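Could you put together the complete structure from these sequences and hints?
Those sequence lines, one after another, are chains R and A. For the first sequence, counting from 1, position 64 maps to 64 in our numbering; every step adds exactly one. For the second sequence, counting from 1, position 472 maps to 472 in our numbering; every step adds exactly one.
For the record, the hints were derived by calculation from the structure and aren't laboratory data. Given the structure is predicted, the values throughout are model-derived calculations rather than measurements. Worth double-checking, as some hints may not be accurate.
[To be verified] Within a straight-line C-alpha distance of at most 30 Å, the following computed DSSO-like cross-link-like pairs (lysine-lysine) qualify:
#1 K55/R <-> K136/A
#2 K480/A <-> K210/A
#3 K356/A <-> K386/A
#4 K136/A <-> K214/A
#5 K63/R <-> K136/A
#6 K136/A <-> K73/R
#7 K386/A <-> K267/A
#8 K10/R <-> K55/R
#9 K59/R <-> K136/A
#10 K480/A <-> K405/A
#11 K59/R <-> K184/R
#12 K100/R <-> K2/R
#13 K214/A <-> K383/A
#14 K2/R <-> K184/R
#15 K214/A <-> K2/R
[Unchecked claim] Derived coverage of chain A by chain R (criterion: at least 3 residues anywhere in the stretch with Cβ under 8 Å from a Cβ of chain R; other residues may be distant):
#16 161-167
#17 484-498
Glycine is no exception: its CB is placed at the ideal position from the N, C-alpha and C atoms.
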Amino acid sequence: MKILATYNIKGGVGKTSTAVNIGHLAARDGLRVLLWDLDPQGAASFLLRVRPRVKGGGKALIKGRRELDAAIKGTDFDRLDLLPADFTYRNLDLILDSTKKPTERLDRLLRPLADEYDLIVLDCPPSISLLSESVLHAADILLVPLIPTTLSVRTLDQLSDFIAGFDGHKPQVLAFCSMIDRRKRLHREIAGQLPEERPDVARTVIPALSLIERMSVERAPVTAFAPRSAAARQYAALWAEVAERGL
Amino acid sequence: MVESFPHDFVLASEGRPPADVVRAALPPRFTAAPDGRPRTLRLTWLDTFDWRLHQAGLTLQHSAGSRVSDYALTSADGQQVTAPARGIRWPALAGALPPGPLRARLQPVTAIRALMPIARATATVRQMRVLNADDKTVAWLTVTGMSLAGRDGSGLASRLSVTAVRGYQVQADRIARNLSAAGGVAPAVASPLDDVLAAAGRHPGDYSSKIDVKLTAEMPARCALEEVLLRLLDTLEANVPGTIREIDTEFLHDLRVAVRRTRSAIKLCGDVLPAGVPEAFSGEFKWLGDVTTPIRDLDVYLLGYGEMAAGLLAATPAELEPFHRYLARHRETEQRELVRALRSRRFLDLVKAWRKELAAPAPRRGITAAALAADRIGRAHRKVLKRGAVITPDSPPESLHDLRKRCKELRYLLEFFASLHDPAIHQQAVRDLKGLQDCLGEYQDCQVQQHEIRMFAAQMMTQRDVPATALLAMGELASKIARRERRARREFADRFADFAAAASQRRFRALTPGAGR
Chain R
1 MKILATYNIK GGVGKTSTAV NIGHLAARDG LRVLLWDLDP QGAASFLLRV RPRVKGGGKA
61 LIKGRRELDA AIKGTDFDRL DLLPADFTYR NLDLILDSTK KPTERLDRLL RPLADEYDLI
121 VLDCPPSISL LSESVLHAAD ILLVPLIPTT LSVRTLDQLS DFIAGFDGHK PQVLAFCSMI
181 DRRKRLHREI AGQLPEERPD VARTVIPALS LIERMSVERA PVTAFAPRSA AARQYAALWA
241 EVAERGL
Chain A
1 MVESFPHDFV LASEGRPPAD VVRAALPPRF TAAPDGRPRT LRLTWLDTFD WRLHQAGLTL
61 QHSAGSRVSD YALTSADGQQ VTAPARGIRW PALAGALPPG PLRARLQPVT AIRALMPIAR
121 ATATVRQMRV LNADDKTVAW LTVTGMSLAG RDGSGLASRL SVTAVRGYQV QADRIARNLS
181 AAGGVAPAVA SPLDDVLAAA GRHPGDYSSK IDVKLTAEMP ARCALEEVLL RLLDTLEANV
241 PGTIREIDTE FLHDLRVAVR RTRSAIKLCG DVLPAGVPEA FSGEFKWLGD VTTPIRDLDV
301 YLLGYGEMAA GLLAATPAEL EPFHRYLARH RETEQRELVR ALRSRRFLDL VKAWRKELAA
361 PAPRRGITAA ALAADRIGRA HRKVLKRGAV ITPDSPPESL HDLRKRCKEL RYLLEFFASL
421 HDPAIHQQAV RDLKGLQDCL GEYQDCQVQQ HEIRMFAAQM MTQRDVPATA LLAMGELASK
481 IARRERRARR EFADRFADFA AAASQRRFRA LTPGAGR
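And the structure:
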């Protein structure tokens, strides 16, 4: 079982769209996938038509496997299950802080699911917190959507430096240019250069397409409701790059 | 793996259309939407010849249609493991499946028995999604019309099943509850497989190598013996096709056991059969036993080969490989001989004449089944006690081999007449004997195997290109077997003492009332 997390300190960069589409593509390829919507806003849960509610809230989930099992919901797609969001996740930092070794807690919670799932996708809330640190420690690969700006690249460097300081297990970082606006020269330039210059940036870019925004209307992955669209093709290419890196 | 909890119903043949039944059963704010067009599937159920999956509460179904081909293994509690089906020609061992949860679940259950098709049907499947207010699928409704492959659908009722999407069990239960109360459907009592088997005139578990005859104490001994022998003949014949097709090694094993039991029954109880019958058939059954021996010996090696090779210390498994090739080649030759024998006029005449003989009306006089059982079990028991008691650490191997045969005869007699005995005492008596049999069996198997390894080595030497390393590895194998043999020989005294203990003797006395002491 591998754990993939979509992560960025900033919000609105395409984390949830990526998590949902990558999860759907992996399941379509035959992997048994669990997507955990860790964001209290519950966007991934909304997109998959699951109510963002967990019995006992985040506190119950962090306690153990049984609670985790009971909260999992099947989606409308074969092999893709969802652990829904809950508004209490806004306090996950505090809940984690009350456990022993909080940064290892998520990993310890997820590893026993290995007999049931081949891939766990964590859709993280935009923050840098104890929760995100716990995610970084659990993940095998971090998929980081970047809006192509100089500041975003600087943030990616900060993230890489932070991970480099971990003892033992370190996740592989794979950033990709997200929400590219072809009309903007800076977007085009950075999206062209970055993959050339940095091995931790994927060749695939995800453009800002209205079809991706339409996911919230269709309440389904774009790879499901428009599988032949340019958006779906880009996500498929991104998934192929992720798979190339050992997933 | 998907958690599922199917609720199965049978649709009344003259009732309302399934869609109407479903609509009436949906809770408020829920809707049902057809999912795709009806599909035609070829369904094949797989199990081992001796129904190991059925006994473990498992059902393995292969569904093949124009765009799907997959396996679904369902356990009694509704848990399901699924896997895509790719190019396996059944019968085959579960090991032929690609690695994954399905294979991992099946292998410990089926072990050395092959999975084979046990029933086939054609199904027309219509699926509906049950959607909640968010248009989220919470359950699947499946309407399945089935007909036996190659026949029309009469006799098989359409089924409606409710399957919860994980996490929506409450909603699915509610739909199932509403359906139960609705007209036009009735809870399904039997599984689809049971329905198909029943329509084909079969039932699950219709083969067992056990002698499951129901004898009565007062029935004439000859009738009782003939019932046992007929059951053994059924087992023997049931295993012939699988032995010829080499489906798995247990067909030959069960066939051989049926032959051995038949020979023992004729030898030990043949005097209650008409005069001349034991003499006319015992030689023929000996022939049949003999033609099956060489290949079974090779099967024993080949089945245990992996473990033997893995247990080598000085030699490597690769060095033993020429021995494996030799065994496999040798087996092919022996299999051809066996197939020839099982297709021969001699064999066909034997089973035909034997069935005719056993079906002949028997006079209803003479001693009773209970008297025969008590007398023969008593005699066999005394023989084992007497011959075992004189064995010392210096006794020759032949004395242990002889005792092993006597033990086997006693065991068979216990099995023939099991239905006449108190099950608890019978089981304990068998356990008492089994301890001794296991020890004697290990001792003789080790002796035979050492002898055979020498013989195989000599034969291999006459062929070209046998590396010295292979012979050395075989030598190591022989020395390991010799150590096991010595251990079994040392254990014999304790095992025999257990068998001859007062408690065990009391049990045998209870099984043999009135037998001479």
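Each hint tested on the structure:
1. K55/R <-> K136/A: holds, 19 Å
2. K480/A <-> K210/A: violated, 34 Å
3. K356/A <-> K386/A: violated, 39 Å
4. K136/A <-> K214/A: Answer violated: K136/A to K214/A is near 56 Å, above 30 Å.
5. K63/R <-> K136/A: holds, 28 Å
6. K136/A <-> K73/R: Answer holds: K136/A to K73/R is near 11 Å, not above 30 Å.
7. K386/A <-> K267/A: Cα-Cα ~20 Å, so holds.
8. K10/R <-> K55/R: holds, 29 Å
9. K59/R <-> K136/A: Holds, at about 26 Å.
10. K480/A <-> K405/A: holds, 25 Å
11. K59/R <-> K184/R: Given pair K59/R, K184/R is violated - Cα atoms ~44 Å apart, limit 30 Å.
12. K100/R <-> K2/R: holds, 24 Å
13. K214/A <-> K383/A: Since the Cα atoms of K214/A and K383/A sit roughly 27 Å apart, the hinted pair holds (cutoff 30 Å).
14. K2/R <-> K184/R: Cα-Cα ~36 Å, so violated.
15. K214/A <-> K2/R: violated, 57 Å
16. 161-167: Satisfied; 3 residues make the cut.
17. 484-498: Contact hint for the stretch 484-498 of chain A vs chain R: violated, 0 residues under 8 Å.
Against the hints set out earlier in the document, violations occur for numbers 2, 3, 4, 11, 14, 15 and 17.
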